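Here is what each chain is made of, one letter per residue.
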Amino acid sequence: MKYETVIGLEIHAQLSTRSKMFCTCATSFGEKPNLNICPVCSGHPGVLPTLNKLAVEYAVKTALALNCKVNHKSVFARKNYFYPDLPKGYQISQYDEPLAVNGWVEIVLSDGSKKKIGVTRVHMEEDAGKNIHNDKTSLVDLNRAGVPLVEIVSEPDLRTPEEASQYFKKLKTILEYIEVCDCNMEEGNLRCDANISLREQGAKKMGTKVEIKNLNSFRFLEKALSYEVQHQEKALSTGEKIIQETKLFDTTSNTTKSMRQKEGSDDYRYFPEPDLIPLLVVDALIKKNKELLPELPDAKRERFISQYGLSFYDGDILTSYKDLADYYEELCKLVKDPKLCSNWMQTEVLRSLNENKIEIKDFSLTPPMLSELLVMLKGGVINQSTAKDVFNEMLSTKKSAKTIVDKKGLSQIQDEGAIEKIVDEVLAGAEGQVKQYKEGKTNVMGFIVGQVMKKSNGKANPSIVNKILKKKLGEGSDL
Amino acid sequence: MIVDVLRSSIPDIAKMLRGKKISCRELTNVFLKRIKDSTKLNAFITVMEKESVSRSEAIDKEGIKNSDDILKGVPVSLKDIFLVEGVRNTCASKILENYVAPYDATVTKRLKDRGAVVLGKTNMDEFAMGSSNENSFFGPVLNPWDNKKVAGGSSGGSAVAVSAGLSQISFGTDTGGSVRLPASYNGILALRPTYGRVSRYGMVAFSSSLDQAGPMARNVDDLAIAYDAVSGVDHKDSTTSKKGPSNVYEHLIKNMAGKEKTFSRCIGIPRHLIEKGVDPEVASSMDEVIAALKKLGFKFKDIELPHAKYALDVYYIISPAEASSNLSRFDGVRYGYRSKGYKDLDGLYKSSRREGFGDEVKRRIMLGTFVLSAGYYDAYFAKAARVRTLIKQDFEKAYEGCDVILLPTAPTTAFKIGEKTDDPLTMYLNDIFTIPANLASLPSLAFPSGQNKAGMPIGMQLTGRHFDEETLFSVAWMLQKERPEWFNRVSVK
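For the protein sequence lines, the chains are B and C, in the order given.
Just so we're aligned, residue 36 is where the first sequence starts under the numbering used here, counting upward by one.
Just so we're aligned, residue 675 is where the second sequence starts under the numbering used here, counting upward by one.
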């Protein structure tokens, strides 16, 4: 029996507002426990929520970037359940009237084909706090309670763990582009729950789904889903029934483990939040946020391909982060050689970022600094290997390319007369090789070039050396 | 001097304070002493003796100028549901027995800003759930007119405090009649403002879509001053209307005083609601009120509120539903009562809530949880919300033909303590006339209309259009002129 995998993702993104969703407490991460709390977000009696306007704008921006229809009226609802990290005993969320619906995101599969993934809905909700368990006691930290989130729910359009991971990555890229979420997955401000079920190939009816909670890396998402696919395939083929349950991914064993089993669906007793009036999003706010949207990753990639003559692959990598794309464009403007810039970005620059685990915005070489180096390379002042050495020295000394090249006398000898003089000297001392060359052993040319470079301390412009040698040794030469 | 103070209105007191006939400290002492002498009424849960004395001394030191707010130096009390920073706030529940408020409610803050002296926190039904004030962890409040009878609820402590002269005015909350009913049982006035007119911030929530804070007083002037002091938009409560503070007292002084004859309105009577179940003495008191109003030139019209008969049912679905969610925060985790006997998280929740809440509160939490549950939501909560809309529409239609609706506040006068405690359904019937205004978010003013043969106070209520408190006050003002013996009564021998 062949099975089809059906996956849908629910992604929670923390909106990067400075204050919480319903009070003025700070949202800063890593503070001492219960420092960023007040009566409102710690659920004292009598408090009422007041909606953070910027959070609404960020959520609207998110919805628009995901091609959603923003509802003019949406309603906050209470999701009721007891847990110590939930101070009010309910979470303020949105239920049957969410902020936005019916969007889509395009992903690119490994074979290069594109696929549109439906976005069912985008809604706003507040985050819960955190429980910390010691040996005998449990403690509650409410710093995160009330931090604004958007929940982005996909259609069950994903068919493989790889697609799921591509979709998650794409969402991250978009959220970073529109600057509404820091997307720091280690700090938990971008999290993912996955729903997965298998059904017989061609079947219409969905299989029983399993929810895997809190997958906070692309790798874990893919691993967890891959494991679950195998696990369910095996179960189904042996006639075992899949139980609807919530699971957690165990990163040490790379398996998913049951957290709780669901009988039907949880009863959260949703009802309209009476402390907040319905959220009305007027056309002007939608228009304003539409105008605030930057060029989004797909559009930017297509433009890079046509404007800079890049391959799809190069365009995709250079537009994977907005800052990286901006850096590239600034560099191109200064160097005026898109291909050269693209190659350097993808080799030297990205290597350095990865090695130092930093982002492009923290990179010590600005586009003007790097452009100075690339302009010298492009103009033949230095050669490729010198350029790499200078690049590394720039990183460690923070000196400009020109300073390093000048100080070390690294610039290439461009003067044809001077190079000819060296060539003549070399040829004079290499009569044997010249003879061999003339007899047809053209591979000795490499040796001769090497000698010339050595004599010039590696500074002779290789293309001029080649040109002169060709002239002197080439057919019809009377040497 | 004591008698002087007891029969005085806020404007009288303001004059005495400004004329240095009495200091704020002396005035405060008069009330504190009366509170002490009346402890058997059980009107207060927390008396803020130290705070009020030092506050009154500070006011005396500052002095009271003519230009100062009329409330400066006036002793007030608050139902133990309005948070006062640094003072315990129990909501008459064991679960909050030792909870100290970390901030001021907006009502509290506005009163403090105007210079009022807060004497203490009054007794109430636990979490404002009740009609008799017998559901208090601190014991029932006694009716000062007959100590064997209930004070009415849920703002019973506040009503008794005002009626017995333990504070000049008081503030209660009205979710289904909780300021009007005890006002009626105690011979005083109370206003339930239009929903959204007074901030709910810092007022412990019972049923968020129905709760409103309301003033209680012995005369129309005081009630107007009290309402003006706390009404108006509050950015901390998104459900407040955008209107600024009300200006009713000024309206009464400028537009009504001496010009009563030019004021004429049409009063609607929903006869079909009072045909059955109304005590004959209450019914004849209503006739007396109608006669007085006719004499004053008011016109009358019979109106229909066809869906009002469902009001009680709707109320006992919506309010417990919201309450079940609002009271979830009392879980023994962060503050309040935590049971000692628990083994795990589930046990912590269960025993803390089982031991911390009283029977009526538990009854309503269970009811509310049930009506919101999957499979029952549409049959109960959603349907109740639709009927609520129909009730609102009934009133809208009625106000096309009249300006104000007159009804008794309660079908009977105060009943005996313990008489209805075993029968929640009979108890719930006390609120049958008050609840429709809450469901329709309308303003409603309860006023005294004399007493029955046994000397127990009877009360009527005027319900008006949205945000038209002014008309309610105007009518009450004229009645106060016409029948002064109904007003300003103090239940002290």
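Hint data in this document are derived by calculation from the structure and do not stem from the laboratory.
Treat each hint with caution, since some may be false.
[What the hints assert, rightly or not] Stretch-level coverage of chain B by chain C, calculated; a stretch enters the list once three of its residues show a Cβ under 8 angstroms from a Cβ in chain C:
no., stretch
1, 315-328
2, 386-393
3, 420-432
[Said to hold, decoys possible] One side of the interface only, derived from the structure: several residues of chain C facing chain B at Cβ under 8 angstroms:
no., residue
4, Y875
5, T913
6, K928
7, A931
8, K933
9, F937
10, A957
11, E996
12, A1053
Since the structure is predicted, the reported quantities are computational estimates derived from the model, not experimental observations.
Even glycine gets a Cβ: it sits at the ideal position worked out from N, Cα and C.
Go through the numbered hints given earlier and state which of them the structure violates, listing their numbers in rising order.
1, 2, 3, 6, 7, 8, 9, 10, 12
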